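These are the residues of each chain, in order.
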Amino acid sequence: MKFAFLVAWREYAENAKTRGFWIGLFMFPVIIFLSVTVSVLLETKGTPVRHYVLVDQSGKFAAIVESRLEQAHQKQMLAALNEYARTYAAFPAEIHDALPQSVETFLSKGGGDYFLEQLKPRLKPGAPAFKAPRRPFQPAALPANIDTNADLASLARDLKPYLRREKNVEAGGGKVELSAAILIPRDIEKQILRPRADPARATATGNGIEYWSANLADTRLRDEIEQAVNGEIRRREYLARGMDGAAIRDVEQTRAPFASLNPSKEAGQEAVNGADIIRQWAPSGFVYLLWVAIFAISQMLLNNIIEEKSNRIIEVLLSSVTPGELMMGKLLGIAAVGLTMVGVWMASLFGVLSWKSGGAPDIAGPLLVALKTSKLIPMFSIYFLLGYVMYGAFILALGSVCNTIKEAQNYMAMITMTMMVPLLTMTFIPKDPNGTLARVLSWIPIYTPFTMMNRVNADPPLVDLVGTMILLLASTAAALWMAGKIFRVGILRTGQPPKIVEMLRWIKA
Amino acid sequence: MYTNSQADAPPLELRNVTKFYGDFKAVDDVSFTLAAGSICGFLGPNGAGKTTTIRMILEIIKPTRGVITVLGRPSALEVRQRIGYLPEEKGLYKKMKTWSVIAYFATLKGLTRKAARQRAYELLERYGLKDFAAKPTEALSKGMSQKVQMLASIAHDPELVILDEPFSGLDPVNQQVMEEIIRDMAGRKRTILFSTHVMQHAERLCERILLIAKGKKIFDGTIAEAKRTLPRRVRIETDDDIGPLRGLSGVISVDPVETARGAGGPDNLTHWELQIGENADPQAILQLCFAKGIRLRGFNQSDPTLHEVFMRLVGPEAREAAFR
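Read top to bottom, the protein sequences are chains A and B.
Quick note: the first sequence uses my numbering, first residue 7, plus one each step.
Quick note: the second sequence uses my numbering, first residue 34, plus one each step.
Mixed in with the good hints, there may be bad ones.
What the hints assert, rightly or not - Simulated pairs of lysine-lysine, DSBU-like, Cα-Cα distance not exceeding 30 angstroms:
no.: 1; chain 1: B; residue 1: K58; chain 2: A; residue 2: K505
no.: 2; chain 1: A; residue 1: K8; chain 2: B; residue 2: K95
no.: 3; chain 1: B; residue 1: K175; chain 2: A; residue 2: K23
no.: 4; chain 1: B; residue 1: K58; chain 2: A; residue 2: K8
no.: 5; chain 1: B; residue 1: K58; chain 2: A; residue 2: K514
no.: 6; chain 1: A; residue 1: K23; chain 2: B; residue 2: K260
no.: 7; chain 1: A; residue 1: K514; chain 2: B; residue 2: K128
no.: 8; chain 1: A; residue 1: K8; chain 2: B; residue 2: K168
no.: 9; chain 1: B; residue 1: K130; chain 2: B; residue 2: K95
Simulated from the structure, these hints should not be mistaken for lab results.
Bear in mind that the values here come from a model prediction, so they are computed numbers and not experimental data.
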């Protein structure tokens, strides 16, 4: 065993020196950090201001659209002010009660200026001045050569060079790119679709309102306008039919409260909250982590054994250690590399979460609680080790019969395909964690680590938890034993890799 | 209990060792014994079974039949810390530092980490590689990395050293360093078995050679004995008729030698080779030449080279093996 440890130590020391190891080590924390901070940053600063032109030939909707966009901006303003208050005010709870929370009251009381006025005496000393968010959508001047009275087709044709960014429009005294053009036809009234109306009665043909934009991904402007125009059309419809619009709005906002409750929680605490949902979905994150960790270090193991084989170092090694010691040494050494990596990942996850918890969209806090209180981390460690040893055994057997990475890749494809299954089922299992699919997969040893990890927070039946663990342990031992048999013969082989049948014969021998 | 017999036992003994790969007989009933402190050359054409024999000695593979005793034990694994091995196909960990490769293999042979490190530096310094100690092995030239491998395989100062083609791919200067390393070890009473197909190395280094071809042992003995398997020769250069020499006792044959000048037809041959018996006296040939008035332009008596012995012993089989 001493020699296995010597081999393991070298594997660990040498792998820990590689660039790939350090990249892998820091990649994950950096990704977590970025995904927590940058997404917020992008939301507020990253999205560019989009300029649009609005041609309303009907003359009935331009004002509605503009007021709607203004209201959207005010809503954003209010959210930003609330965040500012939470961060820099001395007594956030008290402020919360004193300040307007709905856009309507916010605007009626005087908007941002009023809010800031109220906030001023409560700000902590040294708080920076409030920076209002930018308007995401701003109108641009219509180019001079565009005839707003022309039909929609020629309007669109004239605007296309601007929409394709071949020409620029003017806004705020400078040249800017035109992101979208909204064209409302003169006869929009005739194009309105009504349920139960006779289609033959439709008097005009056309697309209705045309929204032109080269950017198909960002639909926010389109959605705002669509809602504004259709809201206005409905309002008029109510009027036309002699209905009270205000009454209808009241009716639409009438509702019965609805609560999700969890029978497995203690009495009085059954209400399902954000934390519960996080608790339910956190295992999926861990399954992914497990998968990435096992996959990454299996690759490391494969590269490593093939290097020794193709470099012919193996023969010197085998004159000093037995194939069994060599195999165990490799498995242990690379496991230590993997554990270091996963350990650093976990630590950084905790670090970033603790640092971020208490922020505005508070996912970090409940996630941190979920991590600390559930069985996630201990189970992850167990499944990581067992899963790794099992897959590692396959990889070592495979690596021992191949002379080059290229040869190994053919076999590796098989392993990768097999390993795809838990990734595909990862999102289904939390929805029905004790269902047939989950239970069947749990009892297939190569999927046990991933599937059971996925179910761990859903209180799986004890028979599943213990039974699959015993099966997993037994299969891992069997995999190691078979790999040992193949390794012993394969490691000294040169030339063509053997057929599967041949390897089976080695196992039987 | 067996300490005494172990001490007296030869470092290496093979008895009727046979190895089959499927139906192919790679090693066929080979037996030999190495004496302690000797250097033995293990010769044979490509594919003769040298590497297979060596791998069996080290117990990397198991013989199909036969008994191998290494340092008095039936299994090389039991005494692996006292054996050094340089395989035929050589490689190093590319990213590892030179000293740490040597030290790693030494720790696998039982040295402590500290002792291994010290030993690695010591060896690198002694054989002129000190400047490369802290460089990764990928920075070494082929010859240097082969020397480093050699040092790695002997860093634990083994009693039995087995070297598979230690000279292949080395330039003459490095070949000399390699010979020096082997002689240093022999000087410390280590037993060395090395395989080669370059006869000069065997001739310079070994007291004894072991020749195998097609898996069979075909010669086992000292170099002098090997040379005695071929008759001695006398070369004569003359324009006169050498007919009288044919009748001399001890002369086995007289044959013309084609020279580089290519001496035209059979009438004006000038170079001759006489094969003479073991007890024949070359002086008698010289005397007869004077007596018969044969004017000599050259007279040269030489022993056969090991190369000639090798070609003679394995000749047709070597060709066959090479084309297989």
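Which earlier hints turn out false for this structure, listed by number in ascending order? 4, 6, 7 and 9
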